[in-house]
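Modelling step: build the complete structure from the supplied sequences, incorporating the hints.
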Amino acid sequence: MSIQPVNVIPMVIESGARGERAFDIYSLLLRERIVMLGMPINDQIANVVIAQLLYLEREDPDKDISLYIHCPGGIVSAGLAIYDTMQLIRPDVSTICVGLAASMGTILLCAGAKGKRYALPNCTIHLHQAIGGAQGYASDVEIAAREIVRVQEVLRNILVKHTGQPMEKISHDTDRDFYLDPEQAVDYGLVDDVLGKPAGETAKTGEAAAAGSKPAKKRTGADK
Numbered sequence: 017m018s019i020q021p022v023n024v025i026p027m028v029i030e031s032g033a034r035g036e037r038a039f040d041i042y043s044l045l046l047r048e049r050i051v052m053l054g055m056p057i058n059d060q061i062a063n064v065v066i067a068q069l070l071y072l073e074r075e076d077p078d079k080d081i082s083l084y085i086h087c088p089g090g091i092v093s094a095g096l097a098i099y100d101t102m103q104l105i106r107p108d109v110s111t112i113c114v115g116l117a118a119s120m121g122t123i124l125l126c127a128g129a130k131g132k133r134y135a136l137p138n139c140t141i142h143l144h145q146a147i148g149g150a151q152g153y154a155s156d157v158e159i160a161a162r163e164i165v166r167v168q169e170v171l172r173n174i175l176v177k178h179t180g181q182p183m184e185k186i187s188h189d190t191d192r193d194f195y196l197d198p199e200q201a202v203d204y205g206l207v208d209d210v211l212g213k214p215a216g217e218t219a220k221t222g223e224a225a226a227a228g229s230k231p232a233k234k235r236t237g238a239d240k
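For this note's numbering, add 16 to where a residue sits in the sequence shown, where the first one is 1.
Bear in mind the hints are in silico, worked out from the structure with no lab data behind them.
Everything numeric in this text was worked out from a predicted model, so none of it was measured.
Errors might be hidden in some of the hints.
[What the hints assert, rightly or not] Result set (DSS-like, lysine-lysine): computed pairs, CA atoms no more than 27 Å apart in a straight line:
#1 K79 <-> K213
#2 K130 <-> K185
#3 K79 <-> K185
#4 K130 <-> K177
#5 K213 <-> K177
Now the structure itself:
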């Protein structure tokens, strides 16, 4: 007998003057200006994330937004739609890698506001080439190949912009699978700090991570 996985979204009950109200956990986090990206990026996921970012900008254009990323990558055009929205809106977007950020997930991680990009101690960060395929007439394959090269240049320019690394290094490192641990990601410029919870202190999330009170930090290596 096999047990099929069940997609269960926890509900949270809040009591107030008007009685009890039930929220799914993601709606409750959204109230705290926390957006979760925890699955491969496709058009539907991109639309949901973009809608949340635009809503939070409307609610308060001066308060930071926290984007938690546990993402293996996905469709490049969908990821770039999220990226462009992050750069467009007025609030700073603080990015936090939990578990894994790969491919487009890493692009979004490094695209957070400078000084507000974080990784948890045991996460993995991964870069690689843009992937595509084509079949049919030779002319169509050639057109598709040119488009893949163009998209690859777009992604590499984004990495150059947000990491400060030279194009030659970015091109070399993204030519094949390239894995980094959190400390290496700090040195590379993909994130700014590694988060931890020092003894006797309580780690914070959400607005505390993005506003004046940042989460407790565990930093290794020389401070930038």
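Status of the hints after comparison with the structure:
no.	hint	result
1	K79 <-> K213	holds (24 Å)
2	K130 <-> K185	holds (21 Å)
3	K79 <-> K185	violated (35 Å)
4	K130 <-> K177	holds (11 Å)
5	K213 <-> K177	violated (30 Å)
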